[in-house]
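Using the hints provided, position chain B relative to the given structure of chain A.
Protein chains: 2
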Amino acid sequence: MSSLILIPINYLCKRGLKFSSNFLSITMKRIIFTGFSLIFYVFGLFAQQNDIKDDDAFFIRSIYDKALTEGQCYNWLEHLTTRIGGRLAGSPQAAAAVEYTRQMLDTLGLDSVWLEPCMVPHWVRGDQEQVRIINSGTAGTIDLKALALGNSIGTAPGGLVAEVVEVKSLDEVDKLGRAGIEGKIVFYNRPMDPTQIRTFNAYGGAVDQRVNGPARASRYGAVATLVRSMTTKLDDVPHTGVTVFNDDPPIPALAISTNDAELLSSLLKKERLKVYIFTNCRKLEDKLSYSVVGEWTGAEFPEEIILVGGHLDSWDIGGGAHDDGAGCVHAMEVLQLLKRLAYRPKRTIRCVLFMNEENGLAGGLSYAAASNKKGEFHLAAIESDAGGFTPRGFSVDGDDLIFNQKFKKVIEWFPLLEAYNLSFNKGGSGADISPLKSQKGLLFGFRPDSQRYFDYHHTAADNMDAVNKRELELGAAAITSLVYLIDKYGL
Amino acid sequence: MSSLILIPINYLCKRGLKFSSNFLSITMKRIIFTGFSLIFYVFGLFAQQNDIKDDDAFFIRSIYDKALTEGQCYNWLEHLTTRIGGRLAGSPQAAAAVEYTRQMLDTLGLDSVWLEPCMVPHWVRGDQEQVRIINSGTAGTIDLKALALGNSIGTAPGGLVAEVVEVKSLDEVDKLGRAGIEGKIVFYNRPMDPTQIRTFNAYGGAVDQRVNGPARASRYGAVATLVRSMTTKLDDVPHTGVTVFNDDPPIPALAISTNDAELLSSLLKKERLKVYIFTNCRKLEDKLSYSVVGEWTGAEFPEEIILVGGHLDSWDIGGGAHDDGAGCVHAMEVLQLLKRLAYRPKRTIRCVLFMNEENGLAGGLSYAAASNKKGEFHLAAIESDAGGFTPRGFSVDGDDLIFNQKFKKVIEWFPLLEAYNLSFNKGGSGADISPLKSQKGLLFGFRPDSQRYFDYHHTAADNMDAVNKRELELGAAAITSLVYLIDKYGL
Chain A
446 MSSLILIPIN YLCKRGLKFS SNFLSITMKR IIFTGFSLIF YVFGLFAQQN
496 DIKDDDAFFI RSIYDKALTE GQCYNWLEHL TTRIGGRLAG SPQAAAAVEY
546 TRQMLDTLGL DSVWLEPCMV PHWVRGDQEQ VRIINSGTAG TIDLKALALG
596 NSIGTAPGGL VAEVVEVKSL DEVDKLGRAG IEGKIVFYNR PMDPTQIRTF
646 NAYGGAVDQR VNGPARASRY GAVATLVRSM TTKLDDVPHT GVTVFNDDPP
696 IPALAISTND AELLSSLLKK ERLKVYIFTN CRKLEDKLSY SVVGEWTGAE
746 FPEEIILVGG HLDSWDIGGG AHDDGAGCVH AMEVLQLLKR LAYRPKRTIR
796 CVLFMNEENG LAGGLSYAAA SNKKGEFHLA AIESDAGGFT PRGFSVDGDD
846 LIFNQKFKKV IEWFPLLEAY NLSFNKGGSG ADISPLKSQK GLLFGFRPDS
896 QRYFDYHHTA ADNMDAVNKR ELELGAAAIT SLVYLIDKYG L
Chain B
446 MSSLILIPIN YLCKRGLKFS SNFLSITMKR IIFTGFSLIF YVFGLFAQQN
496 DIKDDDAFFI RSIYDKALTE GQCYNWLEHL TTRIGGRLAG SPQAAAAVEY
546 TRQMLDTLGL DSVWLEPCMV PHWVRGDQEQ VRIINSGTAG TIDLKALALG
596 NSIGTAPGGL VAEVVEVKSL DEVDKLGRAG IEGKIVFYNR PMDPTQIRTF
646 NAYGGAVDQR VNGPARASRY GAVATLVRSM TTKLDDVPHT GVTVFNDDPP
696 IPALAISTND AELLSSLLKK ERLKVYIFTN CRKLEDKLSY SVVGEWTGAE
746 FPEEIILVGG HLDSWDIGGG AHDDGAGCVH AMEVLQLLKR LAYRPKRTIR
796 CVLFMNEENG LAGGLSYAAA SNKKGEFHLA AIESDAGGFT PRGFSVDGDD
846 LIFNQKFKKV IEWFPLLEAY NLSFNKGGSG ADISPLKSQK GLLFGFRPDS
896 QRYFDYHHTA ADNMDAVNKR ELELGAAAIT SLVYLIDKYG L
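Residue numbers (my numbering), protein chains in the order written: chain A, 446 to 936; chain B, 446 to 936.
Hints are computed from structural coordinates only; laboratory data are not their basis.
Treat the hints loosely; a few may be bogus.
Same chains, same names: a pair is fine if it fits in one copy or spans any two.
Claimed, not checked - Here are the simulated DMTMM-like cross-link-like pairs (lysine to aspartate or glutamate), alpha carbons at most 25 Å apart as the crow flies:
1. Lys678 <-> Glu916
2. Lys613 <-> Asp510
3. Lys882 <-> Glu916
4. Lys732 <-> Asp692
5. Lys590 <-> Asp910
6. Lys882 <-> Glu745
7. Lys620 <-> Asp653
8. Lys678 <-> Asp910
9. Lys678 <-> Asp510
10. Lys714 <-> Glu515
11. Lys719 <-> Glu707
12. Lys853 <-> Asp842
13. Lys678 <-> Glu515
14. Lys854 <-> Glu748
15. Lys784 <-> Asp638
16. Lys620 <-> Asp845
17. Lys613 <-> Glu515
18. Lys854 <-> Glu745
19. Lys791 <-> Glu748
All of these numbers come straight from a predicted model, not from anything done at the bench.
Looking at chain A on its own, in the form it has when it is part of the complex:
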């Protein structure tokens, strides 16, 4: 019952403020202060409470019942991950995924299903990468588990050999400068912080090494880069992901498994090491590809669009089950469930499966550009791109003024969704929908439990056996419930 008090602390924590000595003192004071002001606000809310009808609770319960008994999302995901597989933009698998999901959306009885074109980068991995310590006096020759990063270039056909210099940050590379970096392989080895409760915060605190580290090393003449895989788990599974070179000359850039990063680091404490690297990954010509869109037109306010989406592309290794096959089938399931429940939307509900989130965002950018050109208005956009785990709630984002106005409405839905362990907090939504922010609607990010996400993220292990059917279905039900409330009450 003291949850009046607990909302602010939870709220502030989730807004990314870390626990620190000063912060906590301030937080406690804020709690007291905010608490009192809330009490008066609450009187207003009780007056509004009658607006939330019993039939909303029933409809949401029926959404969950359908999702848990007649859901299609698990079967769709099985097809996407197992029969089609890794779906990197420009690949035949990505094209197959476009066609498969278009056909599945066609079966749902929507008003319109179409493909939204976009030009996507076409990067290919080529042959199996090789990363080998060749001169360890203590350990001999050792092969490391490695994956080239997206946008990496290949080595010469015979590979390259150079000495390794270990760093913990981009700043350290700046300090070492050309004298310390030129001709060497830079090895980024700052682990993700295991003490973060939400693993995405730990990822956010380490991923600059993968995204910007290779470019920074290249600026000072490095011949290649190795990056410790982005996971708190110690294992033999390398995690790929995108790296960005911008104006710096591209160089070969690869991730190595966390176990191998630990090994390499421990050997470097004892001896100077040379490593052999081979990869023939390369960028081909950009290709025409598509985001897939299914639309169900609203009866009363068809111009107000509620978008629900995920991204159809994934990395080439593994099945892209949690990233982001789960998000795609979540979005498709929203329409399937509402159709099965004979729902009649007031507003236009649009399922969008974006292409090329992983290495370019071409789908998200093209979709927003086309939407702006048509003068559309997305009242809300919800992206599921954090895996198919047990739902925890939604982050909510928007233009500041818009957020403050519209979040009040969302707060009124707390009681209905809290029964399903869902909460809301301010925070980023999703990469694909972020270009829609300028339309001044509200953006939502689906937030499931994050503990297992980085066991699989961007790896060959992100397959169907990592997905629990009930957890996936509960995610679809959570998102469908939010879509229902937005559609019924607006924002």
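For chain B alone, coordinates are given in the frame of chain A:
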């Protein structure tokens, strides 16, 4: 911020009230009513809020940091599940688990470690069970995946053959009576309800078939019982568990996998079927065994005991990782973490690893009897017996009067624990600690996410690879935080 409103609905739901038409109307009215009364209550709470010091937030943060960086629970669990394995009461593995955990507790620098004796039943599975449909006109001879239930008796050495009658409930058996049951194999096939959000509620709604179904069938002359496995998942993995005969004559009783239950049921719709059953499981003489206890004596109120525990025994198949190796290593980790943090307890903290929860509760009953004899007082007892998944909070139980008094104190801790996604609600605690209720302390059940629990429960799949290290560690940190608060502030 309207969470003032949401607490009651969540609260009522978790108390086991199901959503139904009438209920929801009542709930909504209660929300309005309770909400207003809460507002006045809240003023009092804010005044108390200063009691919760910043240093509590820091200490809890340091518990989490230690658990996620220097936790031992995952390694201990690896030993219990992989090196020792299934630990059914009376087995050599159970004896090994007693010795291993006693030695591990001995390393923690506690004031006392001892074994609490108890006489346990000694049931053994014997050879691989066989359940075979022998006369299907459409499908021929089919072997079903089966496991004998604990307390089942064996068949004759050559097995038995009888016609199968499918039922959905014990009531149906009563209705069929001796005329419909005698000489037959009764097949209980009511599935767990997949629409329950908390899977334990679904288990609670179906498990009477396994626990009491065989006895009921025996009462009317059935020669054996088959029970659909207790899981919502459709797969080939049979789930064992205890069955109880009391005054009815024991008969062979086995669980079959859900896929095989579906198959058997679909065939029975078309034809009369005979099934062959063989098992030589049997009960041997009761054996002396032990619960393992480690005690850290409090400096100020040593007579107030805070118990934290799990059960050391498991079923014989699989490693007993989630059920309940996880609970044991959670309890051990509480002491390890508080020791590492140089904590000085005011009250006595006792880790108890109970023997024989699965098929007798001898450990829990003996422990409570010995404790009562010594005139002890357990201020609080916390059991972890719901798996090593991401923590959601705690259920709280107690004698009615005690609960109403003491739960107010617990409510004051909400703000500190909510930052870690923990909540409290009224509900049952744990089987092993339930006999301590008469000491009039408060009983807590650790509640992690429940979605995956019945994928593994009582199966050969309940092994280390089903446990995520971070999820396990977060559970230990959650329980340790609660122990810290109870120790510091009392109840």
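Tested hints:
no.: 1; hint: Lys678 <-> Glu916; verdict: both (22 Å within a copy, 12 Å between copies)
no.: 2; hint: Lys613 <-> Asp510; verdict: between (49 Å within a copy, 21 Å between copies)
no.: 3; hint: Lys882 <-> Glu916; verdict: neither (29 Å within a copy, 34 Å between copies)
no.: 4; hint: Lys732 <-> Asp692; verdict: within (22 Å within a copy, 75 Å between copies)
no.: 5; hint: Lys590 <-> Asp910; verdict: both (22 Å within a copy, 21 Å between copies)
no.: 6; hint: Lys882 <-> Glu745; verdict: within (24 Å within a copy, 58 Å between copies)
no.: 7; hint: Lys620 <-> Asp653; verdict: within (17 Å within a copy, 68 Å between copies)
no.: 8; hint: Lys678 <-> Asp910; verdict: both (18 Å within a copy, 13 Å between copies)
no.: 9; hint: Lys678 <-> Asp510; verdict: between (35 Å within a copy, 16 Å between copies)
no.: 10; hint: Lys714 <-> Glu515; verdict: between (57 Å within a copy, 23 Å between copies)
no.: 11; hint: Lys719 <-> Glu707; verdict: within (16 Å within a copy, 60 Å between copies)
no.: 12; hint: Lys853 <-> Asp842; verdict: within (13 Å within a copy, 36 Å between copies)
no.: 13; hint: Lys678 <-> Glu515; verdict: between (35 Å within a copy, 14 Å between copies)
no.: 14; hint: Lys854 <-> Glu748; verdict: within (20 Å within a copy, 52 Å between copies)
no.: 15; hint: Lys784 <-> Asp638; verdict: between (43 Å within a copy, 23 Å between copies)
no.: 16; hint: Lys620 <-> Asp845; verdict: neither (38 Å within a copy, 66 Å between copies)
no.: 17; hint: Lys613 <-> Glu515; verdict: between (49 Å within a copy, 22 Å between copies)
no.: 18; hint: Lys854 <-> Glu745; verdict: within (19 Å within a copy, 50 Å between copies)
no.: 19; hint: Lys791 <-> Glu748; verdict: within (10 Å within a copy, 64 Å between copies)
Going down the numbered hints, you'll see the structure goes against 3 and 16, while the others check out.
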